[in-house]
Each structure stands twice: as C-alpha cells, then as structure tokens.
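**Student:** The residues making up each chain are set out below.
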Amino acid sequence: MSMVDQHEENRRDFLIMATSAVGAVGVAGAAWPFIRSWSPSADVLAQATTEVDLSSIQAGQMVTVPWQGKPVFILHRTTQQIEAARKDDGDASMRDPEKDAERAKKAEWLVLLASCTHLGCVPQPIGTGEYGGFLCPCHGTHYDTSGRVRKGPAPKNLAVPHHEFKNDKTLVIGKALA
Amino acid sequence: MFKSIMAWVDERLPITEVIKSQAIEYPTPKNLNYWWNFGSLALMVLIIQLVSGIFLAMHYKPDAKLAFDAVEHIMRDVNWGWLLRYMHATGATFFFIAVYIHILRGMYYGSHRSPREILWWIGVIIFFLLMATAFMGYVLPWGQMSFWGAAVITNLMSAIPVIGEDLVVWVWGGFSVGDPTLNRFFALHFLLPFVVIGAVGVHVWALHAVHSNNPEGIDLEHKDTIPFHPYYTIKDLYGMGVFLILFCVFVFFAPNFFLEPDNYIQADPMKTPAHIVPEWYFLPFYAILRSIDFLGQMSKLVGVIAMGAAIAILFVLPFLDRSPVRSFRYRPISSKLFWIFVVDCFVLGWVGYNPADAVVLGSLPIVYVGRAATAVYFSYFFLLWFITVFKIERPLPVPKSL
Ligand code: HEM
Ligand code: FES
Chain C
1 MSMVDQHEEN RRDFLIMATS AVGAVGVAGA AWPFIRSWSP SADVLAQATT
51 EVDLSSIQAG QMVTVPWQGK PVFILHRTTQ QIEAARKDDG DASMRDPEKD
101 AERAKKAEWL VLLASCTHLG CVPQPIGTGE YGGFLCPCHG THYDTSGRVR
151 KGPAPKNLAV PHHEFKNDKT LVIGKALA
Chain Y
1 MFKSIMAWVD ERLPITEVIK SQAIEYPTPK NLNYWWNFGS LALMVLIIQL
51 VSGIFLAMHY KPDAKLAFDA VEHIMRDVNW GWLLRYMHAT GATFFFIAVY
101 IHILRGMYYG SHRSPREILW WIGVIIFFLL MATAFMGYVL PWGQMSFWGA
151 AVITNLMSAI PVIGEDLVVW VWGGFSVGDP TLNRFFALHF LLPFVVIGAV
201 GVHVWALHAV HSNNPEGIDL EHKDTIPFHP YYTIKDLYGM GVFLILFCVF
251 VFFAPNFFLE PDNYIQADPM KTPAHIVPEW YFLPFYAILR SIDFLGQMSK
301 LVGVIAMGAA IAILFVLPFL DRSPVRSFRY RPISSKLFWI FVVDCFVLGW
351 VGYNPADAVV LGSLPIVYVG RAATAVYFSY FFLLWFITVF KIERPLPVPK
401 SL
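Chains C and Y are the protein sequences, given in the same order. 1 is the number of the first residue of the first sequence in the numbering used here; add one for each residue after it. 1 is the number of the first residue of the second sequence in the numbering used here; add one for each residue after it.
Since the hints were derived computationally from the structure, they do not count as laboratory data. Please note: incorrect hints may appear among the correct ones.
[Unchecked claim] For lysine-lysine, the following BS3-like pairs were computed, each having C-alpha atoms within a straight-line distance of at most 25 Å: (1) C:Lys-156 - Y:Lys-3; (2) C:Lys-87 - C:Lys-169; (3) C:Lys-151 - Y:Lys-20; (4) C:Lys-175 - C:Lys-87.
[As the list claims (entries may be wrong)] Partner residues aside, some chain C positions facing chain Y, computed with beta carbon under 10 Å: (5) Gly-23; (6) Ser-39; (7) Thr-79; (8) Gln-124; (9) Lys-156.
None of these values were measured; they are calculated from a predicted model. Don't be surprised by glycine CBs; every beta carbon is placed ideally from N, CA and C.
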C-alpha cells in the first residue's frame, strides 16, 4: 500500500486515541484499589472512641490519654486558668481567634488533641509555656490555657477533639463510626 | 575453552563488545581529577547498602511492637549482626557524602550544561529517591527519633491546601504514625534502592551517550582521551580504597557518631523528645523549612515550598547558567559565588542542628542566621543567572584543547 487516503488516516488516529483512552481509564480504575489500600483499615477505624474516668483528676491536674494513637490532654482547669483564658478572648493579636467558651464545653474541663498544629509534636504539659499554657518543644510554639496558639510557628489552635460527657464522671472522646 | 564459550555467547548476546566499548576502550578525558571519583564511590556505597540491607531484612520485623526489639536482636544476638547494622547506618552517611560531593563537582565544572541536561536530571531524581529511601530507612529501628522524625516530616504534607490533611492520614494508614506506616515504609525502603539501581543504569547510559565533562569544561578531541581501562579502573579502585578506610574508621571505631542517642529509646507516641533533629544530611533543608516563620498562617506552607524549591531548583540549574564557559576555573565571579554557597550549606546545617529558639553569638536568635542563610542559598542561583545573562562576568580565555 503506497498511498494512505485521508479517510484511512483519520480512522487510524481515532482508533489509536480510543484505544489509549480505554487503556487510561482501565489503568486508573485498576489503580484505585491499590491507592485505597493505604487508607486507614477497618480495625484502625474501629478504635474511634476512648472513655475516660474523670473522678480521679483533681483541679489543676492534667492527664494524657491515648485516642486513635494520638495523645489527648485532659486538663481539670483551676479558676485562675479559666479566667486567664476568658480574659484573653478578645485579644486582637490572636492568630486563630476563638472564644474559650467555644472550646471548653464545661469551663473546668479542657480537652485537647496534643498534636502541635505546626508539625505534630506533643506539646509539654500545662504551665510550661508563656501565658501559663503549653510549650511545643520542637519549634517553640506557645499555647495558652485554652490551647490557643499565641506565639511561634504553628498556624492554628490545638484542636479540640469531638467529646461528650456521658455523665458527670465519664468523658467519651471521639465519635463512634457507624 | 573460555574463548570458544565466549564466542558462543557473543553470537547470541554481544557481551564482549559492550564491555570493550563501554568499559575498556571507552574514551575518557585524560585530565579528570579526583573529584571525578565520587560517581564510582556512590555506586560502591549503593552496593554496600543493598547487600547489608538485604541481610538485615532477613532478621528485621516491620511491626510496631517488634521492630525496636528486632534491631536490638540484630545488634546482640545475630552473628555479626552489629556489623551489618553499623555498615548499613554508616553507609547511609557515606552515601550522602559521596553524592553531595558528586553534585557539587557537577555544579563547579558545569557538568549539567548542554549536552548533559538529561544526565543531570536523572542524577537529581536519584538524589530525591535517595532522600526518600534514607528517610524511610531511619523510621525502621522505631526509636524516638525514628518516630518523631517521621511524624514531623509526614506532617509537612498537611500544609498542602485542601487535600493536605486527608493526604497525611492516607500516608499514615491511620490517625498518626503507627504500625501501618512502619509496615509500608519497610516495603518502600526495600523497593526504592532497586529503583535507584534502574535510575543509575539510565544515568550511566546517558553519560556514555554524551561522555564525561572534564575540569576544563571544554569539548574534547579524540587525542585528549585515554581508554577507561586501565587508567580509570585503577584510579577508581584507589579512590575506593581510601574511601573504605574512612568508612571502616567509622564502622569500627565510631559507629554511633552519626546516630542519635534518643533513637535507642523505643518510640513513644505520647511523648516527644525535647529536641528533634533529622539526620545530618537533611539539616540544611530542615533549616530552610524552619527559617520561614514570619508569615503567620502561611509560614508552614511557604516553609514547605521553600524546602522543596531548594532541591527542585537543581532541575532548572542547566538553564539558569547562561555563560559561554562551563568550568568555573575560568569564571572569576561564579567560582567565588560557588564557595560562598558551599559555606552557606554548612551554616544552614549548623542552624538546622540547633534548637529553633537557640540564641547564638551573645544575643542573636539563630532563626535570623537561618533566614539570612536561606536568602544566600537562593541568591546563589539567582546571581548565577544574573551575572551570566547580563554578561557581567568576563570569563578568562579557555584552552581549545588539552
Ligand atoms: C539507597 C540505599 C539505602 C539507604 C540510603 C538506606 C538507609 C537506611 C537507614 C538510614 C537506616 C536506619 C539505620 C539505623 O539507624 O539503624 C536503614 C535501616 C534499614 N534498612 Fe536501609 N538503606 C538502603 C538500602 C536498603 C536495602 C536495599 C534494604 C533491603 C532490601 C534495606 C533494609 C533495611 C533494614 C531492614 C533496616 C532496619 C535495620 C536497622 O535499622 O539497621 N536498606 N536503612
Ligand atoms: S511541631 Fe510544634 S512547634 Fe513545630
């Protein structure tokens, strides 16, 4: 065949493109299970909640409990700590402004995901940072007595994980997944 | 006998021909200096890492409950296990020494310039793979530094807008660094060095297509070359001897010199060590990351971008440099900039090694040093482009041949 007519050439281009498109979609589809295999598995998701007995935690005391493999700080705040947090509520220099009452459902209980919002280090216990709060040792972020970022490289306040008070003595951290 | 067997093989697979043209008679510049030894040295360390790594893997257990003890088991119980591990850990350090010198050699003598851009890019890709491999390998002993180093570095991805947070969970396979993370890092740490082997193959292929650059940075005539064997086989072997002596000094007399004491404490997700330091070979990049802390909410993202850019800028280096002359031997301004750049890398490393809130020279917060050094780092690339594109630098006369 010495001459390929216009019709033949268009037809061939179309076949090559159609075959490539089917191949690309197929490869993408086949890749999906492999990609998803990296997402948290069922047993990891099953560790969604942690129950904590609050009765033994005195005012001013802080405990660290594991939740989903991460530490959670539970601080039984003193009145001074609550006052210090509320007093700064309107501070204009706050990087991630939030009211203390929005963070602590019950003023005396502060529940924080102890994972620095900079790069995930565990901050040191209450009283180590300026503002009477928490100091992250890794790159020097200071959080106040409400866990709000006040100084250092972290962009956001310490997260408050979803939590509910089952009764006066029991705290449930996390949400049970259906 | 051997001859007739080889003749039989050669008819079916031309091995003799390839070895002869690519390794024996292969024309090589006659004036290569010792900085040209570091390619073969890197290859030697790669082989050391492969062999020691495969034998370590036969005793290691990639499980968050077992990994730390498995490494202690290798150290105490496995016959010669301490040697396997110390060779492997020291090997990582020597790999980076060889590769950094190899890269700087290329930058000084203009080895990335036309027609060697692809050769250079494959080298940068190998460097990326090497960093990923070393990072994941360091996680495997599952000590405090392993764990928190992994936590900090994987958390960098959370700076990516929109998808960042989900991406980190996906990489972890959980809500924090944990068993799934360790398991997949082990699989990748096993795999990537073999990808590196493949990339090295292409690197050498590209090299043999365009041939070696040389200290004068000029295109050579055939009379300026000598056969690879015996001239460079012997020189490479000599270099390996010297390099191995240094390697052995550390393996046998200071095996923990580059390791962190904190990594002999088992990983504890509830407690961060007071001062997290990455391995020395990541320190300059870590310093760049941390020195961007003045942009409020954007600091984290910009820090990550700056750190990535510090490496990625190597990709465009061949196009930044517009001088008609390759070698810095004949470039009075570029060569000075180069040495400032080298010193600056050490300064960045020193900043990265210190705690972020350290104060130096009396009352100077170290972060200011870090910011200045970061600026100098990027200025090198800008100035190299600037002085060559506007012909500010007057190159010295370059010889036509050797
Ligand atoms: C590109 C080459 C490689 C580099 C740069 C590298 C780097 C590292 C590093 C830095 C460590 C941590 C050492 C320590 O602190 O103990 C490590 C551990 C380990 N590597 Fe590699 N590695 C390489 C190749 C390999 C290969 C090919 C294998 C196996 C197929 C392997 C298997 C292991 C194992 C099992 C460990 C854990 C035992 C230990 O910590 O000593 N590595 N690697
Ligand atoms: S991780 Fe806390 S300041 Fe960087």
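**Student:** State for each hint whether it applies.
**Tutor:** Cross-check of the supplied hints:
no. : hint                 : result
1   : C:Lys-156 - Y:Lys-3  : 73 Å, violated
2   : C:Lys-87 - C:Lys-169 : 28 Å, violated
3   : C:Lys-151 - Y:Lys-20 : 65 Å, violated
4   : C:Lys-175 - C:Lys-87 : 31 Å, violated
5   : Gly-23               : 23 Å, violated
6   : Ser-39               : 5 Å, holds
7   : Thr-79               : 28 Å, violated
8   : Gln-124              : 8 Å, holds
9   : Lys-156              : 8 Å, holds
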